[in-house]
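Q: Each chain, letter by letter, is given below.
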Amino acid sequence: MYKFYIRKLGVPERLYHKIWLIMRLTTVILIASLIQVSAATFAQRITLNQRNMPLESVFKEIRKQSGYDFFYDGKAIKPNQRVNISVTDVSVEDALQSVLKDLPYTYEISDNRITIRKKEEPSFLGRLADRLAANLIGVRGRVIDTDGNALSGANVIDVAGRKGVSTDENGLFYLQDVEENTIITFSYIGYTTKTIKARANMGDIVLQIASSKLDAVQVIGYGTATRRFSVGATATVTADEIEKQSVSNMLLTLQGRVPGLVVTPNGGAPGASVRVQIRGQNTLQNNLNAFAPYDQPLFIIDGVPFAPQNSKINVLNTFGSRDPGANTSTLTESDGFSAFSSINPANIESITILKDADATSIYGSQGSNGVILITTKRGRAGKTDFAAKVERGVNFVARPLEMLNTGQYLELRREAIRNDQIPDDWITPMMFPDLTVFDQAKYTNWYKQFYDRTSNNTVANASVSGGSQATSFRISGGYSKANYNFPGNFADELYSFHSSVQHNAFGDRLNVEFGTDYSYEKNNTSGSPNVSQAFTLAPNVPDLLDSQGNLVWKYGDTWLSAFQQYAYLKQAAKLQNYNLNTHFKLGYKILKGLKFSTNIGYSRVGVNQDSNTPLASLTPQYAGQSRAIFVKSAFETLNVEPQIDYQFSTAKGRFTALLGGTYKKNINSSSALIGYDYATDALLGSINGAGTTSASDDASQYKYAAVFGRLGYIYKDRYIISLTGRRDGSSNFGPNRQFGNFGSVGLGWIFSEEGNFKKALPFISYAKLSGNYGTSGSDGVAPYQFQSYWSPVTGVNPFQGARPFVPGNLYNPEYSWALKKTLNLGMDIGIAEDVLLLNATWYTSRSNNQLSNYVLPAQTGFSSVLRNFDAEVENTGLEFSLNSTNVKSKFFRWSTNFNISLNRNKLLAFPGLANSPYAYVYTVGKSVNTVQGFNYKGVNPTTGLFEFYKSNGELTSTPTSELAEKGGDIVPIADLQPKFIGGLGNTFTYKNITLTTFFQFAKQMSLNYKYALYNPSGALPGGLINLPIQALEHWRKEGDISDLQRVSTGFDFQPMLAAQAFSQSSGVYSDASYIRLKTVSLEYRLPERLSKKAGLKNLKVFVNAQNLLTITGYKVGDPEKAGNLYGFPLQRTVTGGLSFNF
Amino acid sequence: MVFPYSVLLLVGYLLIFNAMIMKRFNYKNILAGLVLICGLSSSCKKLIEIPSNPPNKIATSEVAADSANVMGAIAGIYNGMGATMNNGFGFSTVLYTGLSSDELTAGQYIDPTTSQFLTNTLLSSNYFVRNLWVDAYKNIYQINACVEIIGSTTAISDALKRQLMGEMKVVRAFYYFNLINLYGEVPLVLSTDFNLTAQLPRASSDEIFQQIIRDLTEAEQSLVTAYPSAQRARPNSYVAKALLAKVYLYRKEWQKAEDQSDQVIKAGSYQLSMELNDVFLEGSTEAIWQLPANGLSSQTAEGQQFVPFSNNNVPTYPVTSFLVNAFEANDQRKQKWLGLNMVDLNFNGVLTSYYYPNKYKNNRAVSATTEAYMILRVAEQYLIRAEARARLNKLNDAGKDLKVIRDRAGLGLSPAATQADILTAIMKERQTELFCEWGNRWFDLKRTETIDQVLGAEKPGWRATSRLFPIPFDQIRSNPALIQNPGYN
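Residue numbers (the numbering used here), protein chains in the order written: chain A, 1 to 1142; chain B, 1 to 489.
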């Protein structure tokens, strides 16, 4: 894939500058021509080696050796100026040139006389005359790449003549009136610029693909930049890294690749959401769940904020979109379907992650959690290129579970009954069907039935691109299908269509760009989120399907309603996602260097969700009602951003300025229709067949306006200053609190450009220190919270003719922006012509005036209120990355990229913490990812119960659920912030074979499988639930030293209390560090002559694998989805395919 | 709006740019540009204006401004009492106290969280316990909000204000009465301001009862004897009296209990329905307070949850043998208020009997009869008066009240003669008359201090601390001022 590379400073742009600018530009170029005013050559040779010699003495010495007299004006020339001279046996002219080379003087030799004068800038006319006197020729040639393909639209520039042309579609050019032997530069985006002396027929000019990452163009907020001159922390992941990964959600392609970016899949189901967090948690959480909170960055696609952002797009909870076990009616933030799975990764050109203030302050109140810019592919001028790629593969559970068999299970159950001393008359078929009714010898491996299988993935993409310098386009279509690794006809399918067209007119003054991304995603699944834990059925539960595949509801006289998991597979749920992202960009160069542009964009994600509960799927045991739910929801964003860019360059520096405005409008809406009691299941697809119906809807609006600006100056290619600012207004805030100001200052110093640096350390080709400080904000709250509202209750009949109302939120008019201040310091080193590039970054940020849904006890009527509070959170971290080209020979190429980052989080202040709901969650001075709970000791060998340390050091199985400082036993027990995360990628190319490997690693603490076993809302080990084989390691008799406490059916309160305490203890946290071979890709490019026979180019076959290998000490389950034993497991994917162009 | 705005803004920028970049330091241009930009920036406010309310919600001020909206808010409270909701306050109270006491058991495998009630091994993390609490306080918030709205609105007449205020106080008292019986002392929330209510600790029992009595007394005064709307859905003054009678009974203020129940019984509006099957129908003559149960898919939650779909089914929640055995022979209530399924469990012709609560009989929304959700009925008033009279040693009168109930059940005169025997007889009668209604059995066992003796004998692992539900774990966490009940962590 191609990259955008920026031209090195100073060459082609100058061509376009007006004379009034040029006048001030530089005289350097002209010195040479003046010096060439030649004089007669004298035979005398000069030898002179002196340091720090006064100029006058030098002249005297030359006079002595040559016999020439010197004339100069003592006022204009400073004779005491000290100079160095080191010449041996040279002509007088050479000696003079050597002396005067750094001085603003020139000389003239006539009649044994040397006149020294101050240099004069030549007049315009003089230069014109010079040029007219030159020998002008016409120059022609062809620009091609290393493969011999014509490069259309390459720039061919006569530097001195300040004129240029672009190559035509065959790469040909003709440049008139060029001075012979003058310098011609050939440049093309993504290729190294070449400089050649002009001659009439220049033949083929071959441009190499640029390899320096330093000069690769990165998309940044409202512009582009290169790493070379950046003073902020940004990182870019490019298409070639993305396309080697067989993942359906584009966010997952970022895993491990960017320092400071934590990407966590919420599940292995197709379409499942992905958590993304940049540089730690800034805001305090809005619930008291055990799940670590996370901040969402701002997502922008082609300049347009993605309408749903990274929030879940489903309204109904379905299998795969939600993990089981969370029995509360509220969704946790981690659940849901991801809108990003409707974006075809094949259409992405690059993803840029903006991390610090320099990069994000320009996004003001939206930027404090970082910004992720997604840029889609564009057309390229040149011959029309058709490309296609097909890929097919399988996936299976990455780390499957081994469950108890019937013998082990029943023995464990009986042991639990003995332990609990349950009276015989309580051991009824209703309470203990597995022990009294079901076949004691029957064994079904339910894990095998549900998860231990392979499912298929298919991906197909095709594109056409091409065009001329004036108009270029790219159109692509894609299809992908990922099956659920689960029985039932469940799959996620994506149809995507992407188009992009660019047009330049009026000699490149007008640029028009239009891009559209439309996709349709269909996710067929079950309406029951909890079916993912179907495999915890007791292994002797009778067959649930008969030989015809019908549901079995009764075993003898015992109802199987509570066990009939296959029924949920008949409760079809369908999510359809219609994703439209479109942008129109108009640019106009008002003057040279001054450009006005406007980006108008619209993003809409419309989601239709249907869920059916046919009567056939309901147990005949109860008076079931068939039901169908139809939900339509939409996320819409309209974004208008006019901006003015201004650039000008002088000999010494380049100045850039940007001013712009934003107008943004978000509308989220949803409506739901529920039909009950259908006459027949066949009508479930429509509301019309329903016996009774109910409907509800919801909508909200958010408007946002801002002005923003950025000033940048790069002096002498070595000193950089960057200023950004933004003023924001948001309708999410109450009157008089709607506006906020944000800004940043950044400085950079490329010290490798300093005088003697390169001489002293020639192996260091690039070295930069940079830093920035600034503010950004957060307004990530729901609209309409500053008043209290009431809404009518839906789904009920009126109460005596009155439609019931319920209050919707608490009244708090006084909240405003959260503020984050970030300091970022970075150092970049390039070694050996940038073959090795290193970056080290340190940052610290403080977020205060926290804006969050502040947790409240239910006695207030609500679980939270939106408010600011005075807590201050600090994130400090180090990031390190390395890019290296280890070997670069004719046949073999090996490159490595590596990154590692660590973030340390600290709650600096929280006034009133002790009496707040957060007292049990946070501790001042500790990470906000710290978990508080009981300090776990082990299983008491005598009682067989879990034991904990009391705060006084004693042991107990019933610790006091109160903070240690208040006399209880709750202390900080774990910090869930990863200690460090990172990735290591290697690419080996030998001739036509390319092998890419990517390892992702994390050092972290996380929940372990025991948390799932002792989840307080589920059955204890010993209850009617099957368990992983590790449950055998439990206490059995006095004296046992064991991992788990004695099993219990739930009749005995003591093990229940101990289990509840255990689920809040350090015992459920353990090391979840891992190294995972995230991606392996092996690609073979067929020899050109073979593919040519097939009429193709670039024919490649490849095998990709995802999550192939995991090295971890984490015992049961997947460390990437820690503590989540019963959710949809992460998948290992192996695919193969081929791609070609023609 | 947007487009002209951006164009003008850009003109502003251009003026400044032009002035600065072209080195024509024309201050007039800069000034003009600045004025333009600043002027437009202040119109930024317009850019971010949104409608005053989302389309499906109205602000509190708008609720108060319109009498229909006020009635909507009031309707929300009655709806929130959950006559038709399986997880509503009413059915949850019935089910969980029924399982916790000796009324209900499990006929089918029940989930571990529900089974904690049955085995009296409740954890503070039990989310049903939580939902019950949250549900109550949600409605209490709405009641308090309505009290504030009624106090401030000008959209309704003073008479209506008085009526509605009385209703709100009855409902509030009702919630606190149930809460204190379920959880023990609870935070006493009387306002909507979270700054005042978020950190309230548990109020003392006396404080709560004083508030309940104050609310009911005030309600009784501001309500009239006529019901304000159709049926007996919204309280009149007798509802306040009837509840007051129950409260005084629990407070052992026998005389007051007798007075209040006496007034209700003598009002003449409430007669025992001689047909037991009619008691829970809409329009029941013995109803004092009865909410419409007109859900979309069911009538009462009790009907839907307790009554099995078919005769062959083991009910999910059959009544216990303790309750079945409490009925005397020929008790009509056993015939009419308990359902019976005879199930051949092992296909051997041996039928096992499963009784289930059958006061509410409709398990579907569409039925031949319309049931309504009983909150207070006059039979309970007879039992209250009987008990109060027995305590006051008016044994003869107590016996007469008891006879009214027994007559209706088709039973003869109770042989009880001594005060103790009469009290025992009354308790038994309460058990069989009021079973599976609003936690009466559970509450009676507690207030009479017989719970340890009765349940200790019936249930394995009974502990004295099980008499109170735990304060939900997350509530303890979100309000550090709350202290957990003994026996829980």
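A portion of the hints provided could be inaccurate.
With the C-beta cut set under 7 Å, the calculated list includes, among others, these residues of chain A facing chain B [as the list claims (entries may be wrong)]:
(1) Gln621
(2) Ala679
(3) Thr680
(4) Gly743
(5) Gln787
(6) Arg803
(7) Ala840
(8) Trp842
(9) Ala858
(10) Phe1051
(11) Gln1054
Because the hints were derived from the structure by calculation, they are not lab data. Keep in mind the model is a prediction, meaning the values are calculated, not measured. Where is the CB? At the ideal position from N, CA and C, for every residue including glycine.
Q: Run every hint past the structure and note whether it holds.
A: How the hints compare with the structure:
About 6 Å separates the beta-carbon of A/Gln621 from the nearest beta-carbon of chain B, less than 7 Å, and the hint is met. Interface restraint check: A/Ala679 against chain B, minimum CB-CB distance 13 Å, threshold 7 Å, status violated. With a cut of 7 Å, the hint placing A/Thr680 at the interface with chain B is violated, because the nearest CB-to-CB distance is about 17 Å. For A/Gly743, the interface hint is violated, the least distance from its beta-carbon to any beta-carbon of chain B being 16 Å, above 7 Å.
For A/Gln787, the suggested interface contact is upheld, since its CB lies about 5 Å from the closest CB of chain B, less than 7 Å. The closest approach between the C-beta of A/Arg803 and any C-beta of chain B is roughly 5 Å, which is under the 7 Å cut-off, so the hint is satisfied. About 38 Å separates the beta-carbon of A/Ala840 from the nearest beta-carbon of chain B, more than 7 Å, and the hint is not met. For the restraint placing A/Trp842 at the interface with chain B, the shortest Cβ-Cβ distance is roughly 36 Å, beyond the 7 Å limit, so the hint is violated.
Of the supplied interface hints, the one on A/Ala858 holds, with its beta-carbon coming within about 4 Å of a beta-carbon of chain B, less than 7 Å. Among the interface hints, the one on A/Phe1051 holds; its C-beta lies about 5 Å from the nearest C-beta in chain B, closer than the 7 Å criterion. Taken as an interface hint, A/Gln1054 does not check out: its beta carbon lies about 9 Å from the nearest beta carbon of chain B, beyond 7 Å.
Of the numbered hints stated above, those contradicted by the structure are hints 2, 3, 4, 7, 8 and 11, listed in ascending order.
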